[in-house]
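*Asks:* Protein chains in written order, with our numbering: chain A, 4 to 341; chain B, 4 to 341.
Because the hints were derived from the structure by calculation, they are not lab data.
Do not take every clue at face value.
As the list makes no split between identical chains, a pair holds if one copy fits it or if it spans any two.
As the list claims (entries may be wrong) - Restricting the straight-line Cα-Cα distance to at most 20 Å, the calculated cross-link-like pairs of lysine to aspartate or glutamate (EDC-like) are:
hint, residue 1, residue 2
1, K39, D168
2, K145, D221
3, K289, E230
4, K145, D14
5, K145, E286
6, K36, D272
7, K209, E286
8, K145, D15
Number of protein chains: 2
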Amino acid sequence: MTTSFSIPTLDDVARAAGVSTATVSRCLNAEQKVSKDTRDRVMEAVDALGYTPNFNARAMAAKRTYTIGAIIPTMENAIFARGLQAFQETLHGLGYNLLVSSSAYRPELEAEQIRGLVARGADGLLLIGYEREQSVYDYLGKRGIPTMLAWSYLPDRPHASVGFDNRASMRVLADRVISMGHRRVAVISGIVDGNDRAEGRLNGIKDSWVANGFDLADLPVIETPYEIENGATAFETLMNGTQKPSVIMCGNDVLAAGAMTRAKELGYDIPNDVSVTGFDDIELAKHLHPSLTTVHVPHREMGRTAARELVNLIDGSSTTVHRQLNVSIIMRNSLAQV
Amino acid sequence: MTTSFSIPTLDDVARAAGVSTATVSRCLNAEQKVSKDTRDRVMEAVDALGYTPNFNARAMAAKRTYTIGAIIPTMENAIFARGLQAFQETLHGLGYNLLVSSSAYRPELEAEQIRGLVARGADGLLLIGYEREQSVYDYLGKRGIPTMLAWSYLPDRPHASVGFDNRASMRVLADRVISMGHRRVAVISGIVDGNDRAEGRLNGIKDSWVANGFDLADLPVIETPYEIENGATAFETLMNGTQKPSVIMCGNDVLAAGAMTRAKELGYDIPNDVSVTGFDDIELAKHLHPSLTTVHVPHREMGRTAARELVNLIDGSSTTVHRQLNVSIIMRNSLAQV
DNA sequence: GAATCAAATGTAAGCGCTTACACTCGCGGG
DNA sequence: CCCGCGAGTGTAAGCGCTTACATTTGATTC
């Protein structure tokens with residue numbers, strides 16, 4: 004015998020508890036507005052029926068979802084994992100839910116996903132970096148969606164941001180590398196087009212190179228998507244170049260990891276034959292062998308701050324802010340004196 | 004001067020195009036029901052106003068969201084990344100969206116997230132493995148939510164599944180290890196409680212061990228969460244045991260990666276001093292040094308199949324299916340003859 | 001004891017869509 | 001010439017909630 008259950012609604016609960024739907028709603032959303040007696044009775048009915056509020060109906064009536072959307076370029080590696088995790092946890096503590104999607108570094112996909120999240124009623128958005136079509140910002144502005152840009156510090160932009168100065172940070176590392184005697188530097192960079200973080204990092208190296216009196220023509224650069232395998236390939240290409248570099252500076256730790264594995268396969272000893280540096284300080288960095296010299300990004304702090312400030316923006320309890328985080332150079336064993 | 008825009012609705016579009024809301028709705032959802040003339044006029048209005056349908060209102064009226072939810076144990080490492088990516092892509096091709104959340108391997112969090120996704124109107128769910136409270140399955144059943152279990156092959160379960168036999172697969176690898184002469188085997192397993200995949204893998208090793216005539220008392224096992232650092236710690240513990248193992252079999256590649264890095268730090272040569280094996284064949288596996296001998300799981304195929312079968316379930320065009328995928332042992336360089 | 005007020009609850013109007021049903025119109029068949 | 005029919009469109013009833021506003025009640029004040 005099959006009995007067909009129907010999903011319980013607010014009405015069912017109200018009827019079961021002998022109150023109006025308004026009262027049930029209040030019990031669920033603002034319990035201090037209801038007397039203890041009634042509340043107990045209502046909650047009992049809720050449990051008995053196994054009632055769960057319909058999210059869509061709620062969103063529709065309240066024009067508020069308490070969910071915020073995040074779009075990150077990729078979930079395939081750990082670059083964004085830790086920051087997003089902290090973002091999520093902080094949001095949860097503030098009573099918000101997180102919806103995540105990944106754009107695979109494709110602007111048109113990102114735009115589509117932004118529309119999707121907004122259509123779903125996201126109260127706010129977290130986006131990575133600032134490089135995207137003006138039309139996207141226009142859309143967000145027209146809809147009045149509070150938006151936080153992360154992973155870049157953008158004091159002169161109209162949107163709130165929390166991040167660090169990719170360019171200056173990488174420059175510090177490059178200065179350090181050069182001060183250690185390296186004169187044959189090569190770079191494995193992420194794809195710069197449409198990625199202000201990658202661009203900043205590459206420019207940081209160039210800044211240092213030029214400031215130290217060298218010629219950009221003598222700085223080999225390979226641009227390639229952030230994947231281990233690409234780091235490996237690029238390493239090989241660079242080592243087969245006319246002049247073997249003494250150090251290879253990578254746009255992030257993933258590329259560096261690829262470079263290092265290929266180095267081993269080809270029999271190079273790091274750091275004695277060639278040094279390698281990274282950026283991000285993902286968990287893997289200290290577990291590589293030799294451990295990776297890199298730039299430590301305070302991912303968790305960035306995630307937490309982004310969450311708090313975004314919620315403030317939504318509450319209206321603050322206006323556009325820009326937070327700069329400090330990064331630090333982590334000297335490990337993949338970088339040696341020349 | 005600030006002009007306050009209001010978000011355009013179906014009504015606005017209808018008015019602008021001089022038709023009824025029903026017609027606009029039909030243009031958007033079933034365009035063959037509308038004459039070409041009208042359709043063009045409507046679409047023009049849609050563009051002009053920058054109209055985007057309100058997802059919540061649509062979900063509410065249609066009782067259909069074309070989104071499916073997935074809950075995976077973790078996003079912190081790459082274990083689920085590739086499979087989920089394929090799942091997503093396939094779903095997208097079938098006209099569905101994906102909502103992902105991660106449960107941090109915590110059953111109560113998973114249950115909460117299941118409720119959340121159902122409340123949001125998910126048309127179907129993807130869950131990992133089968134070990135969870137019966138009440139969760141009851142809830143899903145009562146709500147009539149099509150559910151797909153992945154990463155495990157479960158022919159005798161009432162829910163659809165797509166996966167592989169963790170136990171049998173690991174046993175094949177263990178047989179191989181033993182046939183290569185290893186008699187001092189140690190295991191770094193994931194946490195078995197509540198995780199049927201981890202349990203199956205561990206049991207696979209035990210099966211082989213016993214079948215080969217050895218005593219389980221002579222098989223050291225450390226259970227620890229799937230994190231690089233934990234693999235490292237466990238490695239050290241095992242190597243400091245009364246009897247140094249000749250091979251350490253790990254519950255997945257992440258643990259194996261941790262074990263290998265600690266091995267290097269402690270000056271062990273892999274595989275000559277000690278062999279290491281993994282499970283999953285994540286991208287990192289072939290980039291470790293030495294490259295990791297492991298069990299290859301067809302993640303992409305699993306993701307694709309899960310998506311297709313789940314959509315069939317939702318359509319009603321098929322009933323509960325169980326798909327078994329083949330895994331294969333990938334012999335690389337971290338495992339040596341004794 | 002009438003007036004005032006706050007606390008608790010109810011009434012009902014939407015929120016922005018989809019879709020069952022009704023209607024109009026032009027056409028072909030009997 | 002009337003009827004039936006299908007294609008195209010409109011009308012309006014919800015979907016399950018929240019919340020402004022109205023109402024009731026009991027306590028407090030003068």
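*Asks:* Now look at each hint and say whether the structure bears it out.
*Replies:* Okay, the hints, checked on the actual structure:
1. For the identical chains of this complex, K39 and D168 are neighbours neither inside a copy (53 Å) nor across copies (53 Å), given an alpha-carbon limit of 20 Å.
2. In this assembly of identical chains, the alpha carbons of K145 and D221 never lie at most 20 Å apart, being 47 Å within a copy and 68 Å across copies at closest.
3. Taking the closest pair of Cα atoms, K289 and E230 come within 20 Å of each other both inside a single copy (18 Å) and across two copies (13 Å).
4. Proximity of K145 to D14 under the C-alpha cut-off of 20 Å is restricted to the inter-copy arrangement: shortest distance 19 Å between copies versus 36 Å within a copy.
5. For a Cα distance limit of 20 Å, the shortest separation of K145 from E286 qualifies neither inside one copy, at 40 Å, nor across copies, at 42 Å.
6. Neither within a single protomer nor between protomers do K36 and D272 lie at most 20 Å apart by alpha-carbon distance, with minima of 70 Å and 68 Å respectively.
7. Taking the shortest Cα distances, K209 and E286 never come within 20 Å of each other, neither inside one copy (27 Å) nor across copies (32 Å).
8. In this assembly of identical chains, the alpha carbons of K145 and D15 lie at most 20 Å apart only when taken from different copies (16 Å versus 39 Å within one copy).
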